[in-house]
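Protein chains in written order, with my numbering: chain A, 307 to 426; chain B, 7 to 156.
Check before you lean on any hint, since a few could be wrong.
Claimed, not checked - Now the in silico label distances, taken between C-beta atoms and shown as ranges: (1) PHE118(B) to GLU328(A): 28 to 34 angstroms; (2) ILE127(B) to ASP413(A): 37 to 43 angstroms; (3) LYS392(A) to ASP70(B): 34 to 40 angstroms; (4) ASP380(A) to ASP70(B): 45 to 51 angstroms; (5) GLN25(B) to ILE396(A): 22 to 28 angstroms; (6) LEU16(B) to LYS392(A): 20 to 26 angstroms; (7) GLU331(A) to LYS8(B): 44 to 50 angstroms; (8) PRO130(B) to ASP380(A): 48 to 54 angstroms; (9) LYS392(A) to THR56(B): 18 to 24 angstroms; (10) ARG131(B) to ASN378(A): 49 to 55 angstroms.
Said to hold, decoys possible - Below 27 angstroms or equal to it, Euclidean Cα-Cα: the simulated DSSO-like pairs (lysine-lysine) are: (11) LYS392(A) to LYS155(B); (12) LYS107(B) to LYS392(A); (13) LYS60(B) to LYS155(B); (14) LYS8(B) to LYS107(B); (15) LYS392(A) to LYS106(B); (16) LYS8(B) to LYS392(A); (17) LYS60(B) to LYS392(A); (18) LYS146(B) to LYS8(B).
Since the hints were derived computationally from the structure, they do not count as laboratory data.
We treat Cβ as the ideally placed atom computed from N, Cα and C, and that holds for glycine.
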Amino acid sequence: MPTIMIVDDSNVIRNRITRGSENIELEVVATAGNGKDAVKLYDLLRPDLVTMDLTMPEMDGLECIQGITNINEDANILVVSALSDKATGIRALEYGARGFIYKPFSDEDLFSALKELLED
Amino acid sequence: MKEDDLQVFLTGVQNYFTQMAGEEVFVGTPYLSENTMPAAQEYSGVIAITGRHKGIVYFTSPGDMIRRLLVLMGEPDISESNMMDLVGEVANTIAGNARKKFGERFEISVPFVIRGAPDEIMLPRQNRSFVIPLEWKMHKAAIVVSFHKD
Chain A
307 MPTIMIVDDS NVIRNRITRG SENIELEVVA TAGNGKDAVK LYDLLRPDLV
357 TMDLTMPEMD GLECIQGITN INEDANILVV SALSDKATGI RALEYGARGF
407 IYKPFSDEDL FSALKELLED
Chain B
7 MKEDDLQVFL TGVQNYFTQM AGEEVFVGTP YLSENTMPAA QEYSGVIAIT
57 GRHKGIVYFT SPGDMIRRLL VLMGEPDISE SNMMDLVGEV ANTIAGNARK
107 KFGERFEISV PFVIRGAPDE IMLPRQNRSF VIPLEWKMHK AAIVVSFHKD
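Working from the sequences, and respecting the hints, build out all of it.
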């Protein structure tokens, strides 16, 4: 079963993505509320997928993407963020994210973005 | 700040409720309010705005509305900690979505959640704010927008 790590400073959103991931048979191996913890957990667990919020305390999502892609340049990272300006989306992709969905998102948005990443 | 600038917040909150709760929220006519009497319900999720603009955006809501929203989102844990988390997340999402209009230099803080209204430091009492009234399942809430161009 493919594995996933969920990174978001909101517990409610982490829980929602966890439920959504389990519905499409992904195994949630870790969750993190900030970028610093996420980089450590990624290094330890090497999940197949990562969902990444951008606005977080301690280390934000863009820095965290850099931290993770320094460990594994092929990391499969899906940004899930409310920051809906074009420049931020482009920067996230430049830093190594593979996809981007905007908050608020529907279950269908999440499922199809995660499936697309897995198929890649 | 101009009245036109409010549209992105109206659209943001409508989109939030449609996507997360599967139901529409009624958005009333925005109005200007003196900060001496700030709009406040039980919980307020506050986002500080920096960069090209300075000020705050906050979402204020009664607890019952947040409980209901958590249930509709499928969250089994209706603790106060998750309620406060969601109030902050609503504010964060609506402020973050506003970057579509204001661009990346509309910098938003992580949310902080308080009971009642923001204090004088966050919301200077000599200024005025735009209040966007909301009604959802008989509960009254609001988005309050108070920032200026630097």
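Status of the hints after comparison with the structure:
1. PHE118(B) to GLU328(A): 28 to 34 angstroms: For GLU328(A) against PHE118(B), whose Cβ atoms are near 31 angstroms apart, the range 28 to 34 angstroms holds.
2. ILE127(B) to ASP413(A): 37 to 43 angstroms: Taking Cβ atoms as reference, ILE127(B) and ASP413(A) lie about 40 angstroms apart, which means the hint holds.
3. LYS392(A) to ASP70(B): 34 to 40 angstroms: With Cβ atoms ~38 angstroms apart, the hint holds.
4. ASP380(A) to ASP70(B): 45 to 51 angstroms: 47 angstroms, holds
5. GLN25(B) to ILE396(A): 22 to 28 angstroms: 23 angstroms, holds
6. LEU16(B) to LYS392(A): 20 to 26 angstroms: 21 angstroms, holds
7. GLU331(A) to LYS8(B): 44 to 50 angstroms: Given range 44 to 50 angstroms: holds, Cβ gap about 49 angstroms.
8. PRO130(B) to ASP380(A): 48 to 54 angstroms: 49 angstroms, holds
9. LYS392(A) to THR56(B): 18 to 24 angstroms: 20 angstroms, holds
10. ARG131(B) to ASN378(A): 49 to 55 angstroms: Taking Cβ atoms as reference, ARG131(B) and ASN378(A) lie about 51 angstroms apart, which means the hint holds.
11. LYS392(A) to LYS155(B): Holds - the C-alpha atoms of LYS155(B) and LYS392(A) are around 21 angstroms apart, at most 27 angstroms.
12. LYS107(B) to LYS392(A): Within the cut-off at roughly 10 angstroms; holds.
13. LYS60(B) to LYS155(B): Holds, because 6 angstroms separates the two Cα atoms, which is no more than 27 angstroms.
14. LYS8(B) to LYS107(B): This hinted pair holds, its Cα atoms lying about 13 angstroms apart.
15. LYS392(A) to LYS106(B): 7 angstroms, holds
16. LYS8(B) to LYS392(A): 23 angstroms, holds
17. LYS60(B) to LYS392(A): 21 angstroms, holds
18. LYS146(B) to LYS8(B): 25 angstroms, holds
Hint compliance for this structure: no hint is broken.
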